[in-house]
Every structure is written in structure tokens, then in C-alpha cells.
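Chains as they are written, first to last, in our numbering: chain B, 1 to 285; chain W, 1 to 544; chain Z, 1 to 282; chain S, 1 to 331; chain F, 1 to 319.
Hints were generated in silico from the structure; no laboratory data involved.
Misleading hints may appear alongside valid ones.
In silico DSSO-like cross-links for lysine-lysine, where the CA-CA straight-line distance does not exceed 27 Å [unchecked claim]:
| # | chain 1 | residue 1 | chain 2 | residue 2 |
| --- | --- | --- | --- | --- |
| 1 | F | 73 | W | 387 |
| 2 | Z | 115 | Z | 132 |
| 3 | F | 73 | W | 364 |
| 4 | Z | 115 | Z | 176 |
| 5 | S | 291 | W | 387 |
| 6 | Z | 254 | Z | 115 |
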Amino acid sequence: MSITSPRTISIPVPGATLLEVEHLTVTFPTSAGPVEVVQDASFRVEAGDTLGIVGESGSGKSMTSLAIMGLLPRGGTATGSIRLNGHELLARSDREMRRVRGDKVAMVFQDPLSSLNPYYTVGRQIEEAYRAHNGGSRKNARNVTIEALERVRIADASRRVDHYPHQFSGGMRQRIMIAMALCLEPDLLIADEPTTALDVTVQAQILELLAELQRETGTGMIFITHDLAVVSQVADDVLVMKDGRQVERGTAEQIFSRPQAQYTRALLAALPRIDDPFDRLKGTS
Amino acid sequence: SPASDAPDSGGDGIGGTPTAGGTLRVLQNADFSHLDPAQGFDGGVNNFYRLIYRTLTTQGTGEGAEGTEIVPDLATDLGTHNDDATEWTFTLKDDIFFEDGTPITSADVKFGVERALDPSISIGSPYAKIVLDIPEGYEGFYSSGPLDSIETPDEKTIVFHLNQPYADFAAVVAQAPFTPFPADAGVTTTSVDQQPIASGPYRVTEYQRGSTLVLERNEHWSKESDDVRGAYPDSYEWSFGLDGATIDERMIAGQGDDRNAIAGSVQAASIARIQTPEIQERTIQGLQGCTTYMPMNTTKPGMDNPLVRQAINLAVDKQAVKDGTGGSQLADIATTMMPPTVAGFTEFDLYPSDDFAGDPEAAKDLLTEAGYPDGFSFVLDIRNNPKMQAQAEAIQQSLAKAGITVEFNLIDSSTFYEVIGTTSQQHDAAITGWCPDWASGATFLPPIFEGTQIYEKGNSNVAQLNDPAVNARIAEIRAMTDVDEANAAWGELDEQIMELAPAVPLLFEKAVMVVGSNIAGAYAHAGFSGGIDYVSVGLADPEK
Amino acid sequence: MTESILSAKHVSKVFVTRGDGAVFAGTTRFTAVDDVSFEVPRGKTLGIVGESGSGKSTTARIVAKLIDPTEGTLEFEGDDVTKPSGRALAAFRSNVQVVFQDPFSSLNPRHTVEKIISAPLDYQGITPKQGKRALVRELLERVGLNADHAQRYPGQFSGGQAQRIGIARALAVSPKLVICDEAVSALDVSVQARVINLLNELQAELGLSYVFIAHDLAVVRQIADTVAVMSKGRIVEQGDRDAIFGHPQHEYTKTLLAAVPQINPEWELERVRMLAAEGAVE
Amino acid sequence: MLFYFARRILAAIGVLLLISLFTYAIFFLLSPDPAVQICGKTCTPERIDQIRSQLGLDLPFWQQYWQFLSGIFTGRTYGEGAAAIQCAAPCLGFSFQTNEPVTDMITTRMPVSITVAVGAAVLWMLAGIGGGLLSAVKQGTGWDRGVMMTALAGISLPNYFVALLLQYVLVVQLRWLPFPQSVQFAEDPLLWFQSYLMPWLVLAFGYAAMYSRIVRTNVIDTLGQNFMRTARAKGLDAPLVLRRHALRPSLTPVVTLFGMDFAGLLGGALITETVFGLNGVGKLTADSIAKNDQPVIMGVTLLAAGLVVIANMLVDVAYTYLDPRVRVKSA
Amino acid sequence: MSTVPSELAVESEAKGALPTGGAPTPARRVIATLMKSPAVVVSVCIIVFIALLAVCAPLLAVITGWGPYDFDKSAIDSDLGGIPIGPLGGISAEHWLGVEPGNGRDILVRVAYGAQVSLTIALSATLVTMTLGVVLGMVAGFFGGLADQIISRVMDFLMAFPTLIFMIALLSALPAGNRPVLLVIVLSIFGWPYTARVIRGQTMTLRNSEFVEAARASGARPMRIAFREVLPNLRGTIIVLATLAVPGYIGTEAGLSFLGVGVMPPTPSWGQMISTAVGWYAVDPMFFLIPGTFLFLTVFSFTVLGDHLRTALDAGDAA
Ligand SMILES: Nc1ncnc2c1ncn2[C@@H]1O[C@H](COP(=O)(O)OP(=O)(O)OP(=O)(O)O)[C@@H](O)[C@H]1O
Ligand SMILES: Nc1ncnc2c1ncn2[C@@H]1O[C@H](COP(=O)(O)OP(=O)(O)OP(=O)(O)O)[C@@H](O)[C@H]1O
Ligand SMILES: [Mg+2]
Ligand SMILES: [Mg+2]
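Work the whole structure out from these sequences, hints included.
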């Protein structure tokens, strides 16, 4: 089975609600009492659509996505409701979540170097993920892997599969993480700052790749970044976060053309601009 | 009297006469120093040599004086000598063989002595070097060839020419360096230490230094030719390198093969554990036949004053020293230099105190008289071993009461004798011991108090006593050809020397041994530092 | 005023790396900076842009005299400082200061802010007229921080505040040239803007010159007067800011500029209008 | 890679040479005159001089050191003529106290030390890794605290103390075990096992304590790594995640330690062998030190150093296979 | 020209006051954290108790009426090999922890004086190794190059050495002299590389950190960078290493004394007491257990403290 052949059974109906998050709160116990790093976040992702989450560093973007995966760091607890295709995820045990992870939801983690096991070749790590859900022979898995690597523009993929993570550059590692998620063909893909380590040129290619994937498989996507410009290009809906709170939510157009929250406006205003050094808003402030 | 404290453990030793056969096991802490009789020179190894070697004469068997008596072995008698005792003739018995079956001849005895004179190995008993008439520069058989002063007119006769009259020569030929070796069997200086050639009832079949030593019967030894050795077991097996406390525990437990085992003296710590009737039945005791004493370096300032030395003699709490050594079961208090096992022993106590606890007041008075009203201090050389440290600490404590400060100079066990035997390195005093090479004052007092025997290195007159009167008296006694007269004279000399107080006699230490329940014929041999006589011991029932 | 305060001529840097202390390990040579020449006009800002690994930091470190160039010469105010004497180096240090990329890692976490800011004075044996303490307070206020924070430790500040402490330290010895190596890259867009603002103010006030390094083209566009574009150790294009951004000549500069993601200009316009309308209402 | 090995070996030889030189120099300067020791109780100064010249002890330091070194490769002869003593290569010296070549003394004792070391190593690796893993996976529970307390005790209790305590309880009081004896396996397998059991336990206790702490830290560290999160995100089984992704990174650093420790033990478990009266290299060392048998002390010191150096080398090489990051760097 | 929107300025200023609270002097906080753990409290109590015991040893001698070297013949049975009279090794009102067999010296007083010796040696050795290790480790890590090569090779060499064997051989070959000083020297010679190695590694990381670069750019000379910029950042490491070194040296000292090459009698030290007790372990186990227990408790407490300190400091640094 080739990666490009879509699995018809799992193609979600475009526009159907894939993920529904309501009143999500993530709490960590600290020496100074429990801290809510995500407070009362609610949003939904439709099949084939992309939700962009923006916000400053530490605003709880990663924690929100980890809560969906059921992979919060030790001590973290999530309350509220997370429904995938209508099924509640928060109530599930780790064992049950295991069937969701990788199969239904895949994630591209923020820090690509540390997210790959340095002791195994990248090929092995991707194969492992593929075979955990699709079974099949190692040979087939390997072919799928090479194909996925080629799709993320890793040159000489058939040779590179046998290399170890540290032998790749930061940008390549990030692409390897994306390749791993791609070959899983999930219903929902969560990409946590997947392009931060990339050159602007490669970034553009990857963004195109993700869009293509969505078109083909109808995958829903959560795209986390702090780069407003990037989010404006990929997202259908945008969620703005600050200090764990959800500041504003809306379609991309709404957020960028008619921002309501002070914070969103300030953020947009502070954006350095390549096209015009003399900020057009100067007069207004 | 302190010496008579020695308990009597019955005539023929424990468990009656052994039955021939079986394997006797020996648990031992340290390996034997040398299997080469030219090199080994201590009670333990001399005891062992009798199992594999024979000499012209040897010590007897039995407790007390019976054991230290010199009796014929390879020779038919104790030798005959010319008028001034400078020429001694011995005749060999018949039926005496080496382990390969070749008969032992007078030439083999001669070769044995010549070999032992090689400087590279002559570190054992020194008497051959001292009394034989050896030309200047003679360096043993390998370097200098045969020695003219030993003649072998025929295969059975051997004649020794001495450089001085020596009434006790029969005891000298009992010393290990007089062991015969086949002159033409490729024996070298070092070969014997690895692979001995047996002349006694056993031969070495397995030897791993520091671990095990196995003896099996020497088929060519004939019981008829030997009046001394019982040689009951078929084999002996030594285990070396065992911790002292472990040996004691094993002997006390006496399980399994340990029923057929013997070992050396128990440690002080184990004394309390062997008081049960069951173990007491398996316990034997005997004096080691040595004296533990503290020589004082009479050449050091302060110590050169006899009053100071006498004060120290008065102040030492010998009871505390005894306790530190393991109490009454392991030591008797010494007031004389010569131990009671030496012929001519005379008892006296020139520096008495209540319960031997020392008399600090009297000592203080003497010190004041000597010009040290504010006390005195000296450095004591001691050996890095727990027993000696305990003794030294007891001395330190008791002298402190008399205002005498003792500082220790702790010397590693291995170099202790080297240091105190080097006149330039020794300090004011030391704790050491001396054992006679045979039961005569001749091998006791001169080596440790004769002024002419002070050497720069390898010195045993640690007190460095060089008293003209003592020196003269030693020379006189030595010239006596009547052994009994000489013995009595040594006893008197002991008292004469102690008046000068060159040393503090501390203890006559004892050996206390627990043997396995199947052991028979074990007794403490006074000639071998109180060790169990190996040639008389055996198993009660070899089948067990 | 086009007189240049600093000029670099044909500067190259070759790194020779050896395998871990090995006896026979071969060495590899890597040219990080290759024949680079540029000038920094007095009172102006030279921006250096380029992808990661293109040699920007190495150039900065050469210019700050933290490493020696393999080839080429450096002139500061007309004096050759390629191989300065001890005294000349000390003088150079008091005229040229560096603001580092990561605000926290460039501040010793075990030192108080006061100690950090006054360190260059101590190191150079300078005693300010008004006293060290007063100078530190003055500098803190100048960079917009509370002067009472002098006894705090870097860990007690936010990234933007910490970066300003770094700037205050650079200003302590009254330098003429400040080298900013990715001085704002680690900061949030909002804080970034504030720091840039501060740098601009200081330039206007004190006539400082900057070498401003960044990989973010937009940031450079905001602050630089002239821009140099680096790629693979070389300067592929340099010139006036507007010329570079408006009419890039070199292929590399063009792809770089083209790939920068941008927000839909329609939306932008709409927003500007909306905000303007709101402002009118207020 | 070949270069790498060659370099490693050269460096190891260099360290060994240095150690031998250092050891030799120390003993040369500090030890009592062996000639005096050989000479014995009744000795004359002339005799000492004679022994000195015979054994080459009167030669300058470098010459003596050179003789010693070359002896290791070519063997050497002490003295001359009939009294000459042969010491075959590899000659680590000759003990004049026991009249035996040091090499022979060591080789006859080596089997005991190997038995002690191997048995202890098996035990401590099992206990150390098992304990550490258990503790890490059950972090914060009673299991964790129990294991870590035991480990702390193991670190804090001097091994001679444990050894004696064990002997007192198991042998003297309870009589569960006999006193250890140097028997060979073939002679009496049960007694062999009983004799070595206590030494194994004593050594293993100390090392397992250390290893379990290290393993625990490593595993916890690894579990917190982002790649563990990735592995879970793939939907892998929990045991598989642990086995495949956590174990190898956690245990690889232990290899370094193990090499050193095991080599150190092969060079003789000084205290344990002494307490239990096992005639291994450690006991030989202790005895030789007590007797100040200088050539033997030097021999075992060199042997022990050599083993550690070789182990280090092997560990380094093994590391290049175990950790891909190191492997590629050195290639 | 201003590009700073005022709202943002206000907001971030307000929250930027004390965002992390990660002050580098968390001493009080570290202590507070530590004191929450009962294990640490117990350990500290034990250490304080042992230290008091050591300091008050002479006082104890006065109270009990027994000096460390005083024999008490009445407390032992000369006819039974000098074994203490009475149960549990002669524990009585007269001798609270019993007496030594063979001479009747008071064990409590000797344990107290032994604590003095053991602690003094361990603390001195720690001080020396820490100083040596920190200075040499810093020089190697900071200056690199030849200095690093030399120091690293010396460290490799010393660490490849069979330390215990060599220490024993060295100590037994050396003249007795002042044993405690000798012990400190020998322990230090072989001990410093373990400190230096860690310090070197950390220094190498710190050397490449930007604040060191910043100091260089500010005109600091290498020595000042090393001592003013780098050293303060090693503080936590040094404290932890020191806390863990103390029990190590106490143990080693005891081991060497046990093997008969440590402190010389009659001076008491724990290892030496245990060594003497070895022969008596079956007859008078208390003689062996008491100093052994003191040794164990001390080492245990220091290790627990060091462990927790490390965790607390790690957490402090991470905050
Ligand atoms: N294990 C934890 N315990 C307590 N607080 C935590 C823990 N992990 C993260 N946090 C806190 O949760 C908040 C949100 O973190 P998160 O990683 O979601 O931020 P983010 O928006 O992804 O930021 P970035 O853009 O830097 O990745 C932060 O303030 C962080 O300090
Ligand atoms: N000390 C060094 N030894 C060897 N190579 C070095 C050294 N320092 C830098 N390099 C190399 O020189 C090249 C240029 O590095 P530099 O730090 O100048 O890049 P940069 O443009 O600042 O990149 P970035 O934007 O990622 O900071 C890089 O490939 C780097 O690996
Ligand atoms: Mg994040
Ligand atoms: Mg850079």
C-alpha cells in the first residue's frame, strides 16, 4: 500500500466536526499550589480544516495539544472535554489512548532533536510507528518510510533512512518528524511549531506539503506557531492564547482584519514588517 | 611462681596414641617461611621440617624437658668429640634413604651443610657458620666448593672440625641447615624451596604457596631407623591464608573435616569461647619457651642511666601487659629474662610490685634520684600488629603513672626486625621477643646481651648492652665443657644482667590450641614455640 | 556624515577542527567567513542578514575582537586594530561593546544586575565620576528599567528586561560602536519591538553606531541604514536598506525575500481601516 | 576506525608505562632495602652489598627500571652463576621472600579472583539494574523508597563491616553456611558455591547499591526525554516503549562503569578476599603488603592498573558500538 | 520613532516584575525544601550529634571519668582472654557503651575521640581535594589547550591507578610520621581528579556560555573571568561534591585504618577500632557493632544530605 493511496474508509467527511474541545483546563501542581497553564479553552476542528493556535511563548499552546494526545508531562491533569469524532478522550485510560495515538491523532513535536531517539536510525523509528498501526512486513514499512522521507524533501532518502538523528540538521529532523506523522495518515494532525528551525524557503515547501496532504486525505490539522504570518497563510480558524487563556477565536480573516482583543491588536501591531519599514500604524498610536 | 602457672595437660597429650592412617589437616594463618631448611628459622617451620627432613640429631618428643632434650636421629648417638671438643664425629644409621630410595651417606650430610653456607640462602640457623672451622671467604658449595673442615672418611662417618671448643655441638647438628641432600641430584640454591627432597617420613606432593601444602608418605623412610617420629597419618594437608578468627571459629565448631584438624594457638578473643567442657577436652596448652621483653637502648641519653632503666622496670604494669596479650591463659608474667623451659632457669624478681601491677611511686623516686624529677620520655619501637600494640599501650599507660611519657614509633611488621636491628635506626626501646635455639642459656643470653655481638645491621643485642663484666662472664661460661655447669652459670648470669636492667622482661607467652575431636597424640612441644608436635600427632580413628 | 567608524577589509576566518585531542586524527578546515569587506558609518547602523550558519556571528565576533581573523584587516576610527597591543585592545574594548543574542545566557546568573552592569568598568579599571552605583542607576533608568532593581539577579527579569540589562552593560563604558548579534531574535514580537525602539532612541541621542545582526529580514529592515546579505560565508550583496529590500539584485537575496510569509494585505488594510475608525470614534 | 583503535592502544600503553614508572619510582624511593630483607636475621653489611650488586640494586634508577621493563617482555635472570634465578617472560619480578616469580604467584591466584569477580558481577548487574529499573518505573512509591534506602545502606556500609556481619550471622550464629574455603568447583560444587556465596553477596551489595542508583537516575532521565513522548505518541505498548526506547539509553553509560569496576575486581578484591580467607590476588596483595614483599606489590599494582586501562579501552571501543552518536563521530 | 504600542508596554511591565522568582541565592529556599524531608532532618540531627560528640569528647571523658587511653582492669576478665565482664560487651553504668576487651578502655569515650580523628581527616581531605579539584578542573576546563592536556592526562593516570592498593602500599612504605596528615595527603592525591573531572566539564560548558564571552568583550582578563564569572556558577556543584566527598573519605579512612595502614594506635579512629574488633567479632560483637554503627550512621547521613542537596539545587537551578 502506498502512502499516497488514501484509505477510503478513514476519510472523514469534509466539514464534519472532527475534534471538539470544551472548557479544557490543564493544571500542574507546583510548590506554590496548583497552576492552571491552560484555562477554559474551547475550540473545534473540522475535517480537512486547519486550526492555527498563536500566542506568546509559554501561553499554553503546547500543553493544549499534549492534553489532546493524553501525553501531558508528569503531574499534569486535564479537565473539561475533548471529543474526537464524538468520542470522549479525557475519560480514557492510557491503554485505550494508545489506540488513538498515532492512529487517529498524530503529532509533530516542537523540539525535533530531542524528540527522536538518538540510539536508533530514523528509518527504524518511522517504521516502528507505521507498523504499530498497519502491521505488515518490515520491507513494506521501509518502503513507506522512504517514500515519506522523499515527500518531505529529504534528498537521497533511501540512503538516509539508515542514518541516526544526530546526523541530520535541525531542519531535516523537523521534516523527519513530519514524515513520521504523514505515514500514519491520521485523522487529526497536530503540528507544534513544525517550521521554526527551517529556512524560509524550506518552510514554504513544507507548508505546501501539509496543505497537499490535507487536500488528499481530509486530515484535520492543528497548527501551532508564534509566527503570525505563517498562521495567516495556513489556518482556516485561529485561536489566540495568552497566559493560558484563550484571548480570541475566529476565522483567520476575522482575526487578522478585525481583531477584537487588545492583545491580538497589539500583537499584530508589533509585527515587524518586511514591506514597509515605516509602520503604517504609526500615526494611530 | 609465675612459671608454675603452666597447666599440665597430661602425659601423652590429648586422645591417647593415634592410629596409623588418614589425613591430618592443619589450618594455618601464614604459610611457612621456607621449605628450604637452610632458610627457614622459626619454631613453626622447624617443627614442620621434622616431617620431611632428618638431621644427625634432633629434639626429643614429649612435653616439657622431654621434648627439648637432644636425641640421635640419623646418627647412631650424640657424637663423640676430642678432648677440647673441637672435633666431633658422628656415625650414620643403616636403612636411611631419600625419597627416591637412594641411601643417605655422610657425603650427603656434608653437601647439605656446604650448600646451606651459600650466602644467598644462609639466612636460617647461623650456628654452622659460627662454630665450624670455615676459611675466610668461603661462600658455600656452589661458589667455593667442598669444605675441608667436614670430613667423610667413609659413607657412614662424618667428622666436623670446629673453630672453638663447643660442648653443645650435638644440639648444633640438630639445626635445620644440617639436613642432608643428595650431592648429585641437581639440587640448586633455590630448587629446595620449591621442591624439597625428603629424608623424613613424608614428601611434598603438592604445594601452592600461600594456599595449600600436601604431604604423602615417603615410602623409603623406615620406622625402624627412627626412634623419634610416630608418623601416624598417611598424609598431611595444610590450608594457609586463613584469618586467625576464622581458624578459631572453625576449630571451635569442629565440623566435618575440621574434626581431623589442628591449628596454631588461638587468639585472645577466642579464649572465652573455649571454656566449655566439650572444647576444654580438646584444648591443649604449653609455654612457647620464649620471652617477650622490652630492651632499652643503653646508648641513648637517659637510657644509659641504670637508674632510669630500673625505674622503668619498676613502673611497668605487667598484669596489664598480660591482659592485653590475652590474659592468664595466653601468658605468664616474666620476671627473668630466661624462660622456664631453658635448662638452668633460675627464678628471681629484682623489681617486685603488688600483683605485678607496677610500682609508680618507687619508680618516681628512682627517677628523681637519676635526675629526672619532672619525668622522662622515650620512644618505643613497636610492630604494627594488634598484640604488640596492645602490649605497648599497656606499657604506655602504666609508665604514664610514673611520669614517664612513651611515644610509639610504629614499624611495619615486615621491616620491624630490620629497623630495630639497625643500630642507627632503633630508638630508645622496643618490644620484641627471643626464643632459644635449643634449651640452653648459650642460645639465649649471649645473642641479646653480649657486647661483642653488637652489629650495625642485623643486630640482636637491641639493648646494646656492652658491660665488661657481663662480656667476661659470657666468655667464661662458653669455655666450660661441662654442659650442666654451664647451664647453672647461665641462670646466675641472668640475674647479674637484670641488675643492670637493660630490658624489662614482660611475658612468657603460651600457646593454647584447640584440636579436632578425632585428633590423638597432640601436645605442645616446648622446642617449637609450644606448637603441636607434628611427628607425634595423628588421628584417633582414621576411618572417621 | 559618511565617515566610517569601523571598516573591515577582506576579512576571512578559517576554523581548523581537530578530532577530540587525537594523536593521529586528521584536521578539517572550514571557512566560516570568506573575504568579507564592509564599513560601518559613524552614527549609523549596518544590518547583516543571512541564513543560519552563513557566518554572521563569526563576523560579529571578529569585529568585536573576540576571535582573530585568519586574513584581512580591521580598522577602528582609522586605526588598524587587526592585531592590537594590550593597551590598544583595552581602548578598543571601551569603544566597542557587544549585545548578545540570548539575554539570559549572556548575563551571569550569579551576579546582581549592578555587578553585571559595572563589570566592564571593573575589568577596564574605569571609575566613573559620579560613582559606580549612581552610574548603574542612571543606565538602568536610561534603558527603561526601575533603578531599584539593581540588587536583583537576572533570573528575576523577563526576557525583554534582561536584554535591556545587556544593553545597559554595553553602554556602561560609553562605547561608540555596539555590536548586536541577534540581540532581539529570542524575544517575543512585542518585546522585540520595544528593544528595537530603545536602540533607535539611543542612537539618536548618543550618536552610537551599530552592527545589527539578525536572520529576520523584517527586523533588519526596521533598524538598519545599510544592509549586508551573507550566504555561505560571503557577502553576496550589500548596500542601502531600501535598495536591498526594494530592488534586490542578487538571486539569493531575491529568494530570501520572496519566501518570507506575509499576512494577506487585504486583511491588513481592513484592519488599519477598522482601527482608524475606532480611533476616530474615540 | 582503525586509527581510532591504534590511538587508543597507544594511549593505553602510554598510561601503563607511566604507571609502571611511577610505581617503580615510589617503591624505589620508599621501600626498605630488599637486600636487607633477603639477608635475614643474621646479616653483615658486606653480605648486603654483595646481594645488592648481585641483584643489580646498586645500579642507577633508570637502569633498574629498564631491566624491570624488559623483563616483562623477554624475561630476566637475577644474579649470576649457579645461584642465578630465571624468571621467564612475562616477568613481573621475583619475590625473594617466597622464592617465586611474581607472575606465577599471580596466575595461581587468578582463578579465585576471577570466580569472585564474575559471580559478584552477575549478581550486582542483576540486582543493580533490576532494582534501579523497578525504582525508576515505580518512582515515588514504596518500592522506590525501599530500593533506594537499601541502596543508600549499601553505599554507606563499608564492605568489611558487611562481610564480618554476614559471617557472624550466617556462619557463626545461624550456621547456615560453612566458613569459606578455597575449593574448586570440580571438587565439591556445593561447598564451592557456599564458600563463594558470601564474598559474592558482600561485593554485589556495594556495587548493586551504586548501580541501582545510577540506573534509576538514568531511567528517570530517559523517561523524561522528549523521544519517549514521541514513542508514546506513536501508540506503542507501554512495555515496548520501556524496553525499546528507555532501556538502551539508560544502560549504555553503565557499561563504562562496569568495565572499570569489573577490571578492578579482577585485580583482587582486597578486603573481601582477606576477610573470607580466599586466596585470590587481593589476598596476595594484602599479604604481600603485610610482609612488605615489594616485587609482589609492584606486580599486582601493575596488573590491576593494566586491567583497568585495558577495560577502559574495551569500554571505549564498546561504546562506539553502543552509542551511535559516538560511533559516527569517531568514524 | 516609536514602535512600541503602549498597551503592551504596560502589560508586560506589570507582569515582568518577578516572573520566575529564580533568584540565584536560593539558599534559604533550598534549606526550606531540604527541611521538609524527614530523612534530611534525621541526617542533619545525626551529623550534628556526631559533630558534638567529637567536639565534646574531652567533656565526655570528664563526665564518664574515663580518658580515651585509661585502662580498666576491673572491667575485663583476665582469665578469659581479657573479655569484658558483663553482658553486651560490658555495658554498665560505669561504661555506657561497654569496654574494649584486653584493656577495658571505655568504648564511648574512644568512639567520641575517634569521631574527632575521623571527621578531622575527612573534612581536611575534602577541603584539600575540593581546592585542588576546583582550581585544576577550572584551569583545565577554562584554558583548555596544553594545560588541559596535561591536567587531563594526570587525571586519567591517577584514576586508572588501583587506588586502594596503591594507597595501602604507599602508606605502609612511608615512615609512620604524622599519620593523619599523611592520610589527608594520600587521600587528596588520589581524590582530586574526581572533583576536577566534574568541575572541568562544567567549566567547559560555562566557558562557552555567552556571559563569559560578554565578560571578554568587556575587557576581562582570563583569570578574572575564571574566578569572577565562572566560579560562582560552580557553587552548587562544589557544595554537593563536598557533601558527598566527606562520607567517601570517612569510609576510606576507616578502610585504611581497618587494613592497618591508617591512624596509628593508641589514637582511636573508627576504622582502627573496627579493625581491632575483627578478632573479637564472634566473642564480643558489640565491640565491633558500636563503632561500625557510628561509622555507618555518619556516612549514611552525609550521603542522604548530599543526595537531597543535589536534588534541591538541581530543582533550584531549573526554576
Ligand atoms: N511540568 C510542568 N509543570 C508546571 N508548569 C508547566 C509544566 N510544563 C509546562 N508548564 C508551564 O505551562 C505553561 C504553558 O507551556 P507551553 O509549553 O504550553 O507553552 P507554549 O505556548 O507551547 O510556549 P512555546 O511557544 O515557548 O512553546 C508555561 O508557563 C510553562 O511554564
Ligand atoms: N569555533 C568554531 N569552530 C569551527 N567551526 C565554527 C566555529 N564557530 C563557528 N563555526 C562554523 O562557522 C559557520 C558560521 O557560523 P556562525 O555562528 O557565524 O553562523 P551564523 O550566521 O551566526 O548562524 P546563526 O544564524 O545560526 O547564528 C557555521 O557553519 C559554524 O558551524
Ligand atoms: Mg510550545
Ligand atoms: Mg549566530
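Practice problem: Report the numbers of all earlier hints that the structure fails to satisfy, in ascending order. | Solution: Those not satisfied come down to hint 6.
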